[in-house]
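Counting in my numbering, the sequence shown runs from -13 upward without gaps.
If you're looking for bench data, these hints aren't it; they were derived computationally from the structure. Since we're looking at a predicted model, the values are computed, not measured. In this text, a Cβ means the ideal position worked out from N, Cα and C, and glycines have one as well. No false leads were mixed into what you were given.
Just the calculated beta-carbon pair ranges, DEER-fashion:
#, residue 1, residue 2, range
1, Ser77, Ala453, 53 to 59 Å
2, Lys180, Ala394, 41 to 47 Å
3, Glu74, Phe236, 19 to 25 Å
Simulated pairs of lysine-lysine, DSS-like, Cα-Cα distance not exceeding 27 Å:
#, residue 1, residue 2
4, Lys451, Lys507
5, Lys156, Lys168
6, Lys510, Lys406
7, Lys97, Lys59
8, Lys47, Lys160
9, Lys42, Lys228
10, Lys212, Lys344
11, Lys157, Lys168
12, Lys370, Lys223
13, Lys516, Lys406
14, Lys261, Lys416
15, Lys212, Lys274
16, Lys124, Lys109
17, Lys192, Lys222
18, Lys56, Lys160
19, Lys406, Lys274
20, Lys261, Lys510
21, Lys225, Lys261
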Amino acid sequence: MFKKILSFFTFYLFCLTFAQTYEIQYISSYNGKVLTDQTPTLVWANEKESFILNNKIREQKSDYPFEITKVEKPSNTIISYGFLKSNEIISTSDAESIGKQTFEFTNETKKILGYNCKKAITKINSNTIEVWYTNDLKIKGGPSTLGQNLGLVLEVERNKNSLITASSIKKVKKTEIEALLKGSINSTDLLGYKDLLWKSRFTTLKVFENETINFSGESKSDEQIKRFANGTIILKKIKFPKISEGELIFAELKQQSNGDAYDRTGTVFFIPQDKSQSFFDGLEKGAKTLPLYDNGNGKQYYGIASTENYNPAIEMMRFFTAFGTQKFNHIELKGKTWQTITPYRQDITELKPSLSEKELWIGTFIGNYDKGGHKVSLEITIHKSDQNVNKNNTVIPLFNTLNIMEMAGQDYSTMFNTDKGLFVEFTLQKDLKNAQLRYTTTGHGGWENGDEFIPKPNSIFLDNKMAFTFTPWRTDCGSYRLYNPASGNFPDGLSSSDLSRSNWCPGTITNPNFISLGDLKAGKHTMQIKIPQGPTEGTSFSSWNVSGTLIGVQ
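Given only the sequences and the hints, what does the whole structure look like? Please build it.
See the structure below:
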């Protein structure tokens, strides 16, 4: 009987030891200073498994998305749980990465919270990581998946400046994980998990998905997408959420040739509808129904400048298609592996005041006369951020000379062949502090003597005084050769896509310039753009696409 009791007691102690769970809290510091307002990392660990989370998750007060990591022992399988939003949990497993970790073991020792620790060193992406671990507790775990096979990791230091260290260890009878990992959990592969978790960290507004922009009388509007100018313009109405201060906004377009082999002017824009007439009216009724700008050169330009009752389209991103990306990748050159998609991505946060909580027509134009044309996908993403670079609360459209309705008869922007150039009058209802002109410019036209290939100064005048002058020019076009399979090779060893141009390259965006104008008083003002546009030579002529939006604080 005594032996039976002793055997049972021994078995009970074994089970108790095996089931013993420890709760470890970790705090972070940088350059010797404990980070303020931090949420301590929390680890529950025993011989069977460990969980990595933090105190906010434990208290169910964490913002979405967040993660809980489980490490199963002794297989060292990592189970990741991603909480994307309420009642939406995904998971994935990884049985390999811990086994692939390599360490250099040292003879250095120290005590952390009274436990004997050893140091191991590893390198990850050029970062030196020092891991301090103990075997005193006969369990394995830590504040991350790093070092899970060494022992209980109590301290991790990266590059001698970033430190996470255990602040407390205590025994607990059980964890609280059951209250957290409940409900339906959808499993996915590792890459799919990472992608879903990443995308849940920001808001995505899908505008276009693999839509055709071409030139065809067969291009028709439907319930979702409106098409104008024989299909060279597509529009969709998008509802923007409230965008808070500090949040960042990006526009991202992906483009492929669907038949057109040439470099074409493209723009992503939205249509203000805060006045009695809008650019949308011109799309529906014809460009000549929009306000006329006449600078005396004998031509008439419609819908390019703001008036008391009209605002032009606001340009979000100017881009230029490459020579035949994807469609013409069958053209082979030794040593060249062509890209299959041309990507364009731009920060447009300064336009936030005109986007937040608005429902707007978002459009994309690519000038072309090809029935196959181009395929595009466009999305706008909104990201939470601590950055506060863009402090403007006012966006005022002034001009946009890009002839978006080119294929519906809108004339090229050749108004700079006179001294008057482009002249716009506008009225500020309130003082505008820290005013800037968001100015995008590109020169076009002809070979050799055309403004596309000759540097020309752009001069901006505010209230008849020179505010800024510069010469827009790009010399990096050869960097994008692999997006341009149909770009012809010349006898001099260059291709067309290599040539320097007036502020653009085939296959790139053109960044706007932000021109400081100081503080502007309420009342009437004028803005004038002058460019020494080259003369017409036969059928070849030069033109300049310029767009300008005034931003500031009122």
